[in-house]
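Below are the chains, spelled out letter by letter.
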Amino acid sequence: MLQISRTTADRNPDLPEGTALTRSGAPQRTFAAPMTNASVLREVRADSVPLQVWEGTVLTVDHAAGVMQVLLEAKIGHMSGHTGEIELDSVSQQDQDLVRPGAVFYLTLYKRTIPSVENIQELRFRRRPSWSAAQLAQVEQDASMFLSKMKALPTAA
Amino acid sequence: MIDYGTPPASNEIEVTLFGPGYGEAIAVHLGEGVWMTVDSCIDPDSKAPASGTYLDQIGVDASQVRAIVASHWHDDHVRGISKLAAKHPTAHFVLSAVFNAKEAAAFAAAYSGASSAGLARGAKELFSIVQARETVSFAHHKSIVLEASLNGRPILVTALSPLPAAFARSLARMAQYVARKDDSINHAPELRPNMEAVALHIDLGDDAVLLGADLEEHQTYGWSAVVSDRWSGARRPATTYKVAHHGSYTGDCPKVWTTLLKSDPVACLTPFTLGDLRLPTDADKSRVKGNTPHSYISSGASRRPDIDSRQLKRLSDICKKLARIDAGFGAVRLRKQIGAPSWDVELFGAAQPL
Numbered sequence: 001m002l003q004i005s006r007t008t009a010d011r012n013p014d015l016p017e018g019t020a021l022t023r024s025g026a027p028q029r030t031f032a033a034p035m036t037n038a039s040v041l042r043e044v045r046a047d048s049v050p051l052q053v054w055e056g057t058v059l060t061v062d063h064a065a066g067v068m069q070v071l072l073e074a075k076i077g078h079m080s081g082h083t084g085e086i087e088l089d090s091v092s093q094q095d096q097d098l099v100r101p102g103a104v105f106y107l108t109l110y111k112r113t114i115p116s117v118e119n120i121q122e123l124r125f126r127r128r129p130s131w132s133a134a135q136l137a138q139v140e141q142d143a144s145m146f147l148s149k150m151k152a153l154p155t156a157a
Numbered sequence: 001m002i003d004y005g006t007p008p009a010s011n012e013i014e015v016t017l018f019g020p021g022y023g024e025a026i027a028v029h030l031g032e033g034v035w036m037t038v039d040s041c042i043d044p045d046s047k048a049p050a051s052g053t054y055l056d057q058i059g060v061d062a063s064q065v066r067a068i069v070a071s072h073w074h075d076d077h078v079r080g081i082s083k084l085a086a087k088h089p090t091a092h093f094v095l096s097a098v099f100n101a102k103e104a105a106a107f108a109a110a111y112s113g114a115s116s117a118g119l120a121r122g123a124k125e126l127f128s129i130v131q132a133r134e135t136v137s138f139a140h141h142k143s144i145v146l147e148a149s150l151n152g153r154p155i156l157v158t159a160l161s162p163l164p165a166a167f168a169r170s171l172a173r174m175a176q177y178v179a180r181k182d183d184s185i186n187h188a189p190e191l192r193p194n195m196e197a198v199a200l201h202i203d204l205g206d207d208a209v210l211l212g213a214d215l216e217e218h219q220t221y222g223w224s225a226v227v228s229d230r231w232s233g234a235r236r237p238a239t240t241y242k243v244a245h246h247g248s249y250t251g252d253c254p255k256v257w258t259t260l261l262k263s264d265p266v267a268c269l270t271p272f273t274l275g276d277l278r279l280p281t282d283a284d285k286s287r288v289k290g291n292t293p294h295s296y297i298s299s300g301a302s303r304r305p306d307i308d309s310r311q312l313k314r315l316s317d318i319c320k321k322l323a324r325i326d327a328g329f330g331a332v333r334l335r336k337q338i339g340a341p342s343w344d345v346e347l348f349g350a351a352q353p354l
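As you go down the protein sequences, you meet chains A and B in turn.
For the record, in the first sequence the residue sitting at position 22 is 22 according to the working numbering, with numbers rising by one throughout.
For the record, in the second sequence the residue sitting at position 340 is 340 according to the working numbering, with numbers rising by one throughout.
Hints were generated in silico from the structure; no laboratory data involved.
Wrong hints could be hidden among the right ones.
Capping the alpha-carbon separation at 20 Å, the derived lysine to aspartate or glutamate pairs in EDC-like fashion look like this [said to hold, decoys possible]: (1) B:K47 <-> A:E55; (2) B:K321 <-> A:E87; (3) B:K320 <-> A:E122; (4) B:K313 <-> A:E55; (5) A:K149 <-> B:E134; (6) B:K313 <-> A:E87; (7) B:K83 <-> B:D61; (8) A:K149 <-> B:E103; (9) B:K321 <-> A:E122; (10) B:K262 <-> B:D207; (11) B:K320 <-> A:E55; (12) A:K151 <-> B:E134.
Same shape as in the complex, but just chain B (with noise of 0.2 Å):
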């Protein structure tokens, strides 16, 4: 079990990214001991969501926690997001606003395993939040998340997407799975690429965080259409930066380095493992590290597979370039006290530079 030691002051501004090899999560501490969560994902050891174990051992109590946000229903984001809901009853739930229409509710509620079994876990677990909440709220391009002042400091957390162009473009393709009469059974998809996505702007009053989630680089629906957009170009600038889709090429849009942030931000990200695809690749690293030269990941271990020498050698002859999902897991801190020019950083786990 990692030893994450004291809470931050409450002067003290903290975002704390966890990461196995194959999901993330998010803990942020606006100050004054005001807590907002972003997606969710297991911790190896305790086995429940990272960030509700985190926050159990730094000592924060469940009602600090304010808002938990989860920024899209894939399976890797949202892993244990209800029980981290759960777990914190008086914070608000944020999903996108592309669950606010017909064919969206009807798409959660069919994959979701109430009415047959389980058929999309991303599903299932935010369709189990909305099912034990009085209410959820949705976040869509301008959504103000969070608004608080925190000891006459004012703290402004803001959707920077979906943008209108996505949630259409989403509904439609979620339109397309929608359960018919005859219709076999089957799973849901994951309706890539991911436009439908919450990115979030923190405005921490002197300075910002930007949380790219999953959101992908589209002229129309992605990065280009955000950054273009005159209201997120008048975002403060933030010095640090959770790099969208994990680093990849597909999230990456340049002018969001040059109007969304300052010069030489923290940027940090996790991994990502499925077969052969591995995020971020040898070449992602070096487009993250030539835009800054503070950049971290989650987890960079090996991914070699745990399993017994005599069931490995097996399930290989079928099943190739096997790697373990919750490898080398590790936690990126960044803390900085309220005013200070520079961001803390602490490496937990299998977290390491860039």
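Looking at chain A on its own, in the form it has when it is part of the complex (with noise of 0.2 Å):
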């Protein structure tokens, strides 16, 4: 996972993290890019073993609350659908423009025993490419074929 630092700037430890000094001493709010949830999102790596796939989509996202609303559904073994609520924070910085209702992704927990125990989450969004002019014609074409099999109902009087 993409790890980001916080501002380099320097700082007074009597202000908030994210404010800077200027020269002439007046406090001011300097850019702190997103971080992910490094507490809990960890590296994975090759000898990783994945103990369970929550595929995901996000229902809702509230900014300024920086939480998404989803609804996971388990990969692995028959396990009951849930909703949940994430921090955005959780979310890589790569995938964050990927966040918006109806997106899918991926949450997945990992173990990894040697040398010693570690748990490992990954959160990852699907990617997906831009429409083409193929799969639009196909569009158009099914667009054409639903409205073809529209019958309106009669009207009451």
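Starting from two chains that each stand alone, build the complex the way the hints lay out.
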């Protein structure tokens, strides 16, 4: 997972994080790049074993609260579907542009036992290509088929 | 597996509402063995559409289902509806008139998964039904969804919505998401608030039923506009109400209770759980109970996660407010003999008084 360090601007320990001092000494907000939630998301290694893969669908995104509501379906074994809430900070920087209602992601729980027990979670969004001319032609054909089958019901007086 | 017992007698009317924590389905017996269904959700035991499982179990033949209505295309209302439609090939399939426009057809086609991997389950369900059938019917305000004379008793099922203004508004929103060259392939948003849903009025000859779908409140597009319409206001007041939009305040219009319903109707609803959004809220429950003392919910069960503890701890590190979508599946069944003054209420599974 991509790790981005917070601003390297000079910092006054008495000011909140992301606040730097200008030459005049007046506090000024500086850009602090979003960080992935490193405490729960760690780098997956070649010898990590997947315990469960949850296929998720984003249902709603609340940018003000910094969270997304999701629907989760287990891909390994039989398990009930669940809804839940994930902080947007848990999404890697390169996937942030993919976070929108309907987007599909995979939340994989890995385990690694050698040299020591290590639990690793990975959150990856499915990235899609652009619509091709052939796909759009198919969509147009399908839409025509769809419309051709529509039949009006009688209307009440 | 829930034991639903015996089917209704031919002179009994029935409305059965099924719902886990996320999903809704309705089966209606209009009398004389004639049935219709509205929306679809999955029965967690049979893993099949809840209405289909129910009708099979009580011994209803597939040919007895005359109409299948998809009130709207959202995931929680159409899960398994394509299987239900395939199981009842002689029933006519009805969807919102919003889909009788090129923008909506293109929306459904693009997000169905026919030309790219599935992008919206709801669009996929509806598209596959349209693909498999010769024709499907679309309903809007005043559409006659089903008309019959059963043993001399006139039955008329009509759509109260979508209204023409809502139709135009929904199309404009769908047009924003129509696939275009070089646009990246994304997923279909749910396009809330919901003004395109098909709310139904069922006139049984001597009584009526109101099925509110997920239609939300709005002066121009939603419930206020429906109840202020002269034709809607002239419908026979109903004694049973499937409360709109899971009892949420966004689907609440006080005039529905005074215009389209008799006093103290039987009200039933399904819950909706999505992260920390849990409908109905306590305030919603109080409001519904303030309108009628006869209110029921298809599932009042806990939504605690059903995941082994080792995985749950790991998952909870990143995903908060986990809730099962099919916890505590239940059904509210209302039956009454034709001409009887009141409904008998039966609760199955996790269903309970509100």
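Satisfaction of hint between D207 of chain B and K262 of chain B, Cα-Cα up to 20 Å: Since the Cα atoms of K262 of chain B and D207 of chain B sit roughly 10 Å apart, the hinted pair holds (cutoff 20 Å).
Given pair status - E55 of chain A, K313 of chain B, alpha carbons within 20 Å: holds, 18 Å
Given pair status - E122 of chain A, K321 of chain B, alpha carbons within 20 Å: holds, 19 Å
Hint consistency between K320 of chain B and E55 of chain A [alpha-carbon to alpha-carbon, up to 20 Å]: holds, 16 Å
Agreement of K321 of chain B and E87 of chain A with the hint, judged by alpha carbon distance not exceeding 20 Å: Roughly 11 Å separates the two Cα atoms, so the pair holds.
K83 of chain B paired with D61 of chain B [C-alpha distance capped at 20 Å]: This hinted pair holds, its Cα atoms lying about 16 Å apart.
Satisfaction of hint between E122 of chain A and K320 of chain B, Cα-Cα up to 20 Å: holds, 16 Å
Hinted pair K149 of chain A and E134 of chain B, Cα distance within 20 Å: At roughly 6 Å apart (the allowed maximum being 20 Å), E134 of chain B and K149 of chain A satisfy the hint.
K47 of chain B paired with E55 of chain A [C-alpha distance capped at 20 Å]: holds, 19 Å
Restraint check for K151 of chain A with E134 of chain B, where alpha carbons must lie at most 20 Å apart: holds, 10 Å
Pair hint outcome, K149 of chain A versus E103 of chain B [Cα-Cα no greater than 20 Å]: holds, 15 Å
Straight-line alpha-carbon gap K313 of chain B to E87 of chain A, limit 20 Å: holds, 17 Å
When held up to the earlier numbered hints, the structure conflicts with none and fits them all.
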